[in-house]
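Trainee: Sequences listed follow chains A and B, in order. Throughout the first sequence, residue numbering follows my numbering, covering 1 to 497 in sequence. Throughout the second sequence, residue numbering follows my numbering, covering 498 to 657 in sequence.
Warning: the hint list may mix true and false statements.
For lysine-lysine, the following DSS-like pairs were computed, each having C-alpha atoms within a straight-line distance of at most 27 Å [what the hints assert, rightly or not]:
#	chain 1	residue 1	chain 2	residue 2
1	A	K102	A	K494
2	B	K639	A	K492
3	B	K561	B	K652
4	A	K290	A	K141
5	A	K239	A	K386
6	A	K350	A	K429
7	B	K652	A	K428
8	A	K103	A	K429
9	A	K239	A	K253
10	A	K489	A	K428
11	A	K284	A	K253
12	A	K386	A	K235
13	B	K558	A	K494
14	A	K103	A	K290
15	A	K429	B	K558
16	A	K492	B	K652
17	A	K190	A	K102
18	B	K639	A	K429
19	B	K558	B	K639
20	B	K561	A	K489
21	A	K428	B	K639
22	B	K652	B	K558
23	A	K292	A	K239
24	B	K569	A	K494
25	B	K569	A	K428
26	A	K489	B	K562
27	A	K290	A	K239
28	A	K102	A	K141
29	A	K428	B	K500
30	A	K253	A	K190
31	A	K489	B	K558
32	A	K141	A	K284
33	A	K429	B	K569
34	A	K429	B	K500
35	A	K284	B	K558
36	A	K292	A	K103
37	A	K102	A	K290
38	B	K652	B	K639
39	A	K429	B	K652
40	A	K102	A	K350
Source of the hints: derived by calculation from the structure; they are not laboratory data.
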Amino acid sequence: MDILSNFIMGLGVSLEPFNLLVAVIGLLLGIIVGVLPGLGGANGCAILIPITFVMPPEAALILLCCVYWGALYGGSICSILFNIPGEPWAVAVTFDGYPMAKKGRAGKALVLSSLSHGVGAVVGIILLTFFAPIIAEFALKFGPPETAAVMILTFSAMTRLGGKSALKSAIAIFLGFILASVGTDIVSGKLRMTFGTVPLMGGFNFIVAVIGLFGIGEIFLTVEEGLKMEGVKAKVTLKDVREAVGDLIHYRKILLLGSLIGCWLGIQPGGATPASFMAYGFAKGALGNKEKFGEGASPGIIAPEAAGHGAGTSATLPMITLGIPGSPTMAVIMGGLMIFGLQPGPMLFKEHTAFVWGIIGSCWVGNFLGLIMVLAFAPLFASILKIRFGILLPAIIYVCAIGAYAVNNRMIDIHYMILFGVVGFLFKKLDYPIAPMVLALVLGNMAESAARQALIMGRGNPLIFFRPPIALPLTILALFLFLWPTISKWRKDKLAK
Amino acid sequence: MVKADTIVALVIMAIGIIVLVDTAMLGSGWGMSGPEPGFFPFYMGLGVVICSVFVFLRAFKTYKKEAPGTGKRLIAEGGLAPILWVLIPSMGMVLLTELIGLHLATVLFLMFYMRVVGEIHWTTVILVGVMVPLATFIVFDKLFLIPMPEGLWGKYLIPF
């Protein structure tokens with residue numbers, strides 16, 4: 001009952017007129033950011049963080065979260081109408097979304113995708129509403145060894161989810177941690193890896209890294225491919241809505257399955273992309289002989305969209321309860337929380353109950369409003385892409401530069417931004433995953449202090465990370481996840497011989 | 498592609514070694530009150546070095562096997578020019594920002610890119626090139642009071 005009354009209070013917070021206004025603005029910006037190539041949720045949030053400094057924390061968080069939801073909705077518009085996936089997890093949607101749009105049913109494809117988003121979101125938020133308090137309660141028992149074990153688990157899961165090569169994922173994670181530790185040591189106050197230079201003393205801010213790696217790097221990729229905008233005209237009619245709803249009811253199992261896959265994988269960091277592909281694969285496996293996949297089949301849109309949004313929503317769960325963001329955008333939002341002096345994690349639930357439930361309430365409100373806005377104005381948002389790329393591109397770089405500068409008011413950050421852009425481009429090309437690096441950069445200080453405190457507790461004995469009852473299974477699971485693919489491959493090779 | 502892979506692996510390895518040296522000098526062992534400041538980054542650097550050795554070896558092996566000139570290119574044919582057309586002007590913008598401030602540098606950058614690369618009509622170029630920075634100047638510097646870099650001469654160029 002406690003949950004229910006808290007939840008109603010949270011809804012009340014998110015329905016206050018000012019917060020509602022902020023939510024609508026956030027959604028609007030988010031959808032625009034999602035539609036534009038080169039900008040995504042992570043970037044949109046990163047650029048907006050300086051503006052949120054003038055707001056009360058609740059409104060700031062609602063703004064950032066709504067940009068996230070908006071970007072999730074908006075990303076699909078771009079992939080369906082233009083066959084350009086704005087984010088990696090939107091790739092699976094293009095398989096059937098674009099063909100359907102090309103057949104003249106762009107409106108139906110858009111409605112299908114946004115409604116599936118809505119269902120995925122609802123499943124994710126239900127999970128969040130009911131499990132977040134339980135997990136937070138459980139996480140209160142965590143000491144430094146347990147926190148470190150959760151970190152180890154997070155990052156070992158990521159080496160397998162991130163890219164093709166586990167080695168390269170590991171490199172990306174290590175580099176992220178190294179970047180995080182540049183500057184003043186949080187414990188001893190000594191300067192690390194500054195090589196006597198002043199700019200390095202301030203360290204690397206992860207927001208700058210996000211803007212460079214995702215924003216500028218993405219722009220390089222886009223111009224390299226020589227962006228051709230061949231959009232399909234979209235108009236949403238009542239007939240589209242009726243048919244789409246009919247399809248959703250007909251494929252309700254696929255819809256639910258997709259949402260659940262999304263939520264399950266979304267809790268793990270970097271889970272949205274594999275979730276959307278997995279859901280698409282499942283739908284294809286279940287209905288492959290009845291439907292023509294790849295030519296505009298409805299389940300081919302429903303499954304990945306529900307999974308993508310489900311994953312995006314359930315990424316909130318580990319962020320709020322454990323302080324571990326499940327996606328790069330969540331990492332940026334978490335960074336915003338920390339700037340406000342709110343440390344995400346179990347204590348947040350105890351100390352700032354109204355705040356946390358306000359966010360959860362706004363998840364409901366934001367996703368619902370976002371659905372309506374996308375359905376009503378999808379053609380309008382799509383028309384953004386009619387602006388010539390020659391105008392959009394320098395404007396996007398300008399916005400990125402503002403965002404990078406405003407974080408710390410340091411000129412050097414704009415230089416870093418360009419540098420990170422080049423690095424991001426090379427990493428994307430060579431299959432080094434970027435998301436794990438950003439997460440490591442965000443979690444760097446937390447992971448380091450947890451590991452150091454745990455080692456002090458254990459007097460230097462690393463067995464402390466295997467302390468029962470909580471750390472032990474977590475670390476063993478982490479090692480298993482990390483080593484299993486290698487072992488199974490080795491065994492297969494041996495059997496083949 | 499494979500060549501670039503080997504080179505990047507080497508660069509990453511070098512970064513790892515620099516980190517190892519620096520943190521080893523700071524102290525990467527067990528000090529008076531637990532792990533020393535270099536402890537954590539030292540092991541991260543060690544991880545980077547070990548992993549990049551493997552990546553390098555793997556890429557180098559494929560590179561050796563590959564006949565020269567047949568491998569996949571890192572940047573698609575004809576893709577390098579547009580990238581440089583973005584990279585060099587934006588670096589120029591950043592350098593200009595140091596001198597005349599972000600907003601004025603952007604006016605030049607926007608106009609240059611739209612006109613030279615985008616080949617957009619002059620009227621649009623001037624309209625967008627002036628309106629966008631002006632709008633952001635009003636929103637950031639005046640409304641939200643977030644000062645943008647004004648460079649060395651910026652305060653004389655925008656006196657209000």
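Trainee: Are the hints correct? Go through all of them and say.
Mentor: Against the structure, the hints:
no.: 1; hint: A:K102 / A:K494; result: violated (48 Å)
no.: 2; hint: B:K639 / A:K492; result: violated (65 Å)
no.: 3; hint: B:K561 / B:K652; result: violated (57 Å)
no.: 4; hint: A:K290 / A:K141; result: violated (50 Å)
no.: 5; hint: A:K239 / A:K386; result: holds (26 Å)
no.: 6; hint: A:K350 / A:K429; result: violated (44 Å)
no.: 7; hint: B:K652 / A:K428; result: violated (40 Å)
no.: 8; hint: A:K103 / A:K429; result: violated (33 Å)
no.: 9; hint: A:K239 / A:K253; result: holds (23 Å)
no.: 10; hint: A:K489 / A:K428; result: holds (26 Å)
no.: 11; hint: A:K284 / A:K253; result: holds (13 Å)
no.: 12; hint: A:K386 / A:K235; result: holds (15 Å)
no.: 13; hint: B:K558 / A:K494; result: holds (22 Å)
no.: 14; hint: A:K103 / A:K290; result: holds (19 Å)
no.: 15; hint: A:K429 / B:K558; result: holds (19 Å)
no.: 16; hint: A:K492 / B:K652; result: violated (68 Å)
no.: 17; hint: A:K190 / A:K102; result: violated (60 Å)
no.: 18; hint: B:K639 / A:K429; result: violated (41 Å)
no.: 19; hint: B:K558 / B:K639; result: violated (58 Å)
no.: 20; hint: B:K561 / A:K489; result: holds (25 Å)
no.: 21; hint: A:K428 / B:K639; result: violated (38 Å)
no.: 22; hint: B:K652 / B:K558; result: violated (57 Å)
no.: 23; hint: A:K292 / A:K239; result: holds (22 Å)
no.: 24; hint: B:K569 / A:K494; result: violated (31 Å)
no.: 25; hint: B:K569 / A:K428; result: holds (15 Å)
no.: 26; hint: A:K489 / B:K562; result: holds (23 Å)
no.: 27; hint: A:K290 / A:K239; result: holds (24 Å)
no.: 28; hint: A:K102 / A:K141; result: violated (54 Å)
no.: 29; hint: A:K428 / B:K500; result: holds (15 Å)
no.: 30; hint: A:K253 / A:K190; result: violated (57 Å)
no.: 31; hint: A:K489 / B:K558; result: holds (20 Å)
no.: 32; hint: A:K141 / A:K284; result: violated (43 Å)
no.: 33; hint: A:K429 / B:K569; result: holds (11 Å)
no.: 34; hint: A:K429 / B:K500; result: holds (12 Å)
no.: 35; hint: A:K284 / B:K558; result: violated (38 Å)
no.: 36; hint: A:K292 / A:K103; result: holds (14 Å)
no.: 37; hint: A:K102 / A:K290; result: holds (21 Å)
no.: 38; hint: B:K652 / B:K639; result: holds (14 Å)
no.: 39; hint: A:K429 / B:K652; result: violated (42 Å)
no.: 40; hint: A:K102 / A:K350; result: violated (51 Å)
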